[in-house]
Each structure stands twice: as C-alpha cells, then as structure tokens.
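Enquirer: Read top to bottom, the protein sequences are chains G and E. With full-length UniProt numbering applied, the first sequence covers 1 to 492. With full-length UniProt numbering applied, the second sequence covers 1 to 163.
Hints were generated in silico from the structure; no laboratory data involved. Backbone N, C-alpha and C define an ideal beta-carbon position, used for all residues, glycine too. There's no promise every hint is true.
Partial list, derived from the structure: chain G residues whose beta carbon lies under 8 angstroms from chain E [as the list claims (entries may be wrong)]:
1. Leu442
2. Lys444
3. Ile457
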Amino acid sequence: MKNENNDLKLSPSIRKNRKVFEELLGIGVSFDVDYRTLKILEKEVDIYYITGLNDKDHVNVIIKELLELNEVEHAKSSKRKVHEVIENRIVNYQVEEMDKFYDANTQIMSGLIVIVVEGYEKAFAVDVRSYPGRSPSEPDTEKVVRGSRDGYTENIIVNTGLTRRRVRDDNLRFELLRIGERSRTDVAIAYIKDVADPGLVQQIRKKLEDVKVDGLSMSEKTLEEFIVDQKGNPFPLVRFTERPDVASAHLFEGHVIIIVDTSPSVIITPTTFFHHVQHAEEYRQSPTVGTFVRWVRFFAIFFSIFLLPLWLLFATHPELLPPDFSYIGPNEEGNIPIIVQILIADIGVEFMRIAAIHTPTAVSTAMGLIAAILIGEIAIKVGLFTPEIILYVAISAMGAYATPSYELSVANKLARLSIVLGTAFFGVPGLVIGFTLYILFLTKTISLNTPYFWPVIPFNARALYNIIFRLPVPLDKVRPSIVHPQDDKRNN
Amino acid sequence: MAKQEERQSSVFLKSLFCGAAGGFIWGIVSSIAYFFSFSEVSHASFILRTFFSGSWTEGWMGELISLCILTILAIIPALIYYLLFKQMHGIMPGILYGIGLWVIIFYFLNPLFYFVPPLNEMTMDTIVTTACQFVLYGVFVGYTISYEHHDRRIVPKSSQNEA
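Could you build the full structure based on these sequences and the hints that come with them?
Expert: Dropping the structure here:
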C-alpha cells in the first residue's frame, strides 16, 4: 500500500488531486490537517497545511498576496499562465515544485504549506515552518565556567545555523538525508570539504543511506547503532556533544559530524577513547592549568577503574604492601566478606545514580539526605560496612563523575566490577589479567576503521604528547592523523 | 617511488622509536608491579642485579638506571618484528609475539640470569604478571608497526581516502 503511493503523480484536475490528498492525509479524520480553497483569476487554488508546525502570520500574508491578484491582474488579458503568476506572487524565498504525492505529503507533514493550482500538474511547497521548540541554552552535561553559553537545540535548522556561525568557510557542507520510513527524520552530514577524508564521508553516507528502519525514536542514539558496529561492546564508539564550539573545533580537525533533527546531541566521528576524556573546559583555561586539569582528570578516570580492585587486593593480601603503606586495609574484619561489602556499596551508588536521573528536583534533596546519612553512617554503625569501604567506593564514584563522557563512565563501571570480581577470586593474577584484558579490549575495538586506543596503541608520539599536554593553540599546528585529513596543516 | 621509499624509512624509524617507548612504558609498569610485590622480579633483576651487586641496584635508583637500559634494549624486539612480521594484521600476532619473547627470556635465557629464580620456583603471581607485561609490550609494538606499515589503516584496502 505504502510503496504503491510513492510514485503516484499529481494530475491537472484539482478535484482528483483533492480526493487523493484527502485519502492519503486523512483530511476530515485528523483534526490538524486541512486545506483552504481560494478562487484566484477564476481558477481554484488549494492550500494544504498542518496546524501547529507553521507560522500563521506568514501563511496569512501569502493568502492575502494571492487574493490581491484578483484585483491587479485580469484572467483574460494576462499573457502568462495562472500558475506562473501565482508562483511569482508567493511571498517566500523557499519555494519548491513537486509532482509526486509522496513528496508533497512529506512536505506538508514537515510543516510546509503545499499550493495546488487548478489545471497544473505540479504543486508548490512553501517553507513557512515554525517548529515548537526552545531557544539555544547551555547544555547541562557540558558546562564551562567561561565562554559561549549556547548549545544545540532539537531543531536541525537552528543547529546548522549555530555551526555556520562558527565556521564561515564556504567549504563547510551539510548533506541532508531523510531517514526512517515513517519518521522521515532529517539527518545532516557536516564536514569541511577540503579537510575531511572523502573516504570517511562516503562511508558514513553509504551507511546512512542503507539504514532501514521505520522511525528514529531515540534519534541520534538509534542512528549511532546503525553507523558503528556496537555488538556487546560497552564503550561509547562515537562522541556526542551539545556544544557548537566543540563541534566546530572537531570540524576544523577534519572530523565528520552527524546532526539529527529532534536531538540536541550531535555525533562526532571518528572517535577514539581519548576523545572521551577531554573537555571544553581544558581549552578555556591557560595551557598549563588546562594540562593540570587534564592530568587530574586522567587520575580520576584511572582511579574510577583500578582503585577499588587494588584496595581489595591489599585488604585481602596485606603481605603485598610495602612497609610504608601498611596502614591500608581494614583494621578489623567486618561481619560480611569484604568483596560482598564492596559489591553492595558499589551497586548502592549505582542505585543512587539511576534514581537521580529521574527524581524530581523537589524530592532529590530528601534522596541525598537518605543516601548520605542512612547508607553512609548507619551502615557502618550497624556493622554492615567497614568505614574504609565507603571511602574507596566514594573515591571511585567521584572518579566516574569526573569522566567527561557519561557513556564512558558507565562502561568503566562495568570494567571495574569485572576486575573487582576477578581480583576477589584470583588475587594478583585476577587484577593483572583484568588490567591486561581492559587494555587489549580497548586496543581491539575499532570504530569506523579507526583504532579506538590510538595514540597509545597504535603508538603515535606526537598525538600522545598532544593528549598528555594541552598545547597552546598557536603551537598546535597539525591536524590529528587519525582522521586522515586531506590537508594536515592547520594554518598555511 | 621516492616517496614510497621515504615512507618506508619513516616507518622503520617509527618502529624503532615505538620499541623504545614500549620498553619505557611497560618498564615503568614492571617497576610498579615489583614495588607492590606482584612480581618477584623486575627488569632491574635481569639487567642490573645479575651483573652487579650493591645496594644501589635495589632501590628506585636501580630501577631508574635499569629503565634507561631497558628503553634501549627494547628496540631490538621491535626491529625483529619489523623485519619479520610487519605484514600481519590485528592484535593476535602481537599477543603471540609477546608470549614468545616471555618464553625466550624466562625459560631459555633464564640460566644466564643468576639473580632470577628458575621458572619452576617462581610464584604464579610472578609468572602471570610478567607474562602480561610482555603481552602488552608485544601488542604495543606489533600493532603499531603493522598499523604504520599498512599506511595507517586497520583494514587492508579500506575504503578511506580512495573516493
């Protein structure tokens, strides 16, 4: 049924067209789809629209202008055809002609108005869209102390506009695709033509064209799963950002960005592990401070994975500790085994994280109190936990919150739990093999033909230096080789 | 053609450099593991303590001197990998190469190092810890060399840059 109608063309008879439109759009059934018939120069003209998605004032101006035609032109004396006169009179700079019902319907459903003129087998789509939505505001997940406060919104047009504001280069391209049989979501591939790797652009374009799905309900996340081969891999294989300045910085480096309508997060490809441990704030501070912040962050991320298993190892095998560190480890055996305590505490923190996501603000203060007092203090007094457990679980939880990428922090949590279990069962070999497997797993991961653990393995000294030290921007002269830029110099 | 040769020589130098860097990074890891008694031996046991005696070989000074020597010695396995296995793909050859190196040093060359206990007297902890270090070094060197050799591509003849 659907495919049959895809190629159906408009006919010169306006009555026939009206019937088909009524049938396909459900006019008379759906309350928000309708048409208005005007009589212009003795011809009937239908205007199809959907309420709620277009600018009413603008539509009224167009109708007024069209009706004025009746006063200034005379049907018989006019040398031009009526549809030409009408097209010329549409007060808008974005007018498109189309001859298929499918295209016209998509435009109507996107919020455009479609004008059908009697005796003419094409329709005019006029862009009078005005989507309900918010204006740009600072994204919650990527705040900076100083600097621009605008963030992407749910509207793709606003998003491309915000990007263009930062990249005025005429080589910036936004290729538009429509994905989803039923959702018909607009998706834009953004790249700078003479910088980005054309092979990568083509690969992404092909993957997007091959997407067969009825709707992109979780927009960019749904699409991400079609682009990268996630399988059982918990690590985030692409980076999301809601900040136009971060997106444009990546465009300059030669990355390809995918913007999906209805989502404020854009996808940055290709991505490596180390893209997830950097933050815009580091570039808002002086290079030295930025480097310091970055190192502290690296320690936090390292602690969020390895501190807990390491402490567990020392708590269960105190003989491993050098004499200077002998105070580490619980002074008295608790009532339950340490590994069980760690698991309860760690999963308890996870309870709080999950709960905090959807707790209303009014209740969250109470939740914080319950969490801090009950779980922290009472659990120790009752004898459930030894105090040290709370300390180390808290440090590793803070380390996870200090991870700039939310997705990475959750993936690291899984890694931590597995290594904790390995350490509990096998002691030193469990921890060492866990560490080795963690690194081998990251090395083995490939995202869009890009090694995930670059530049550590495969090793690239210059890029690694760039990650360990946040360089002053004037000294940062080359684009990262990982994106295979066509032009690897930043300033020539 | 000249460009091709230039590239090859750059890959060669990069391979040697990555061998040294690998020795340095995993040498530090080895010292840390020794410090926390994960392993009874560190690189200093092989390089310094076998040939010299004295308290300076024991502390962090000994580890540091040994780390410098290890960094230079670690070029040799990278050179061998470059000459023999650079055509390989993926991380598996690196893992096997690392295990191979470990077997050579800990089993066949073991009698040379008087300070290192024979394999059958080592604890399981030591064996696992050192083997893991060698595996990581092997992957580090092997994956890097094959990545550089294949023109910084993971998949052979990938579509990138051809369009």
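Enquirer: For a quick check of understanding: which of the numbered hints are violated here, in increasing order?
Expert: 1
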